[in-house]
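Oh and the sequence shown: position 36 is 36 in the UniProt record's numbering, straight run, nothing missing.
Careful: at least some of the hints might be erroneous.
Listed below are the simulated DSBU-like cross-link pairs for lysine-lysine, each with C-alpha atoms no more than 30 Å apart in a straight line [what the hints assert, rightly or not]:
#1 170 <-> 210
#2 124 <-> 30
#3 16 <-> 26
#4 30 <-> 60
#5 217 <-> 237
#6 237 <-> 210
#7 217 <-> 131
#8 217 <-> 170
#9 131 <-> 60
#10 237 <-> 170
#11 131 <-> 30
#12 26 <-> 170
#13 60 <-> 16
#14 16 <-> 131
#15 26 <-> 60
#16 16 <-> 30
#17 124 <-> 16
Everything labelled a hint here was simulated from the structure, so no lab data went into it.
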Amino acid sequence: MQGSGYLYTILPQLRKIYGDNTPELKQAMKTHTQFFNTSNFFNTIITGIDLAIEEREGIKAIDTVSGLKAGLMGPFASIGDSIFGALIPTIFGALAANMAINGNPTGIFIWIVAQMAVNVFRWKQLEFAYKEGISLVTTMQHRLTALTDAATLMGVFMVGALAATMVNVKFAWVPNFGDVTVDMQNNLDMILPRLLPAGIVGAIYWMLGKKNMTSTKGILIVLVVCVALSALGIISK
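Given the sequences, and given the hints that come with them, work out the whole structure.
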């Protein structure tokens, strides 16, 4: 999938290493067009390690490089897409959107700075991986699990924070029992603030785990239920 693009990226350096129109260059080019698919946010680490090895060992290390790419592209795909493809855009996107809704233009600058930081990180990791070479693989083996666990924990934490801040719903229903008026929302807040949004998010999560349930169906169900409960005066914004 990304094999041709990967080759195009490193081709100028391969020409410097093997020379133009040499059998070694042709073999390297053929090898690097093999299947390759990983996160666009971590692919520069693999590129840097690859170039460091080939520059030092030459064509005799081409099988090692091929195995290295195959071994790293899977873990990097899951970690890179989870952190940079989902977690960071969710956090900074929600922050920027919330600030924009409230009329604060600072949100757009926060989003731009976050994206610029990601691009700088990609460039710096290429340089770092090239300098460290194969020794970086041994170092990363002990840290990938910890990094994955930390990213998962951070993601769960942010989902909880976003559910509490972005799901804006409360009980409007105030039942009367004789001379006693029960404020449902106030009672829930005494048990746990933002309990209703947490319950709604939990219900949607449970619903999406059911067979034949899709995100589109889930959105329609939430829309219909919210309109009905709002019309009955049970919930409000």
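Hints versus structure:
no. : hint        : verdict
1   : 170 <-> 210 : holds (26 Å)
2   : 124 <-> 30  : holds (28 Å)
3   : 16 <-> 26   : holds (13 Å)
4   : 30 <-> 60   : holds (14 Å)
5   : 217 <-> 237 : holds (23 Å)
6   : 237 <-> 210 : holds (28 Å)
7   : 217 <-> 131 : violated (50 Å)
8   : 217 <-> 170 : holds (23 Å)
9   : 131 <-> 60  : holds (20 Å)
10  : 237 <-> 170 : holds (6 Å)
11  : 131 <-> 30  : holds (25 Å)
12  : 26 <-> 170  : violated (66 Å)
13  : 60 <-> 16   : holds (16 Å)
14  : 16 <-> 131  : holds (17 Å)
15  : 26 <-> 60   : holds (14 Å)
16  : 16 <-> 30   : holds (17 Å)
17  : 124 <-> 16  : holds (22 Å)
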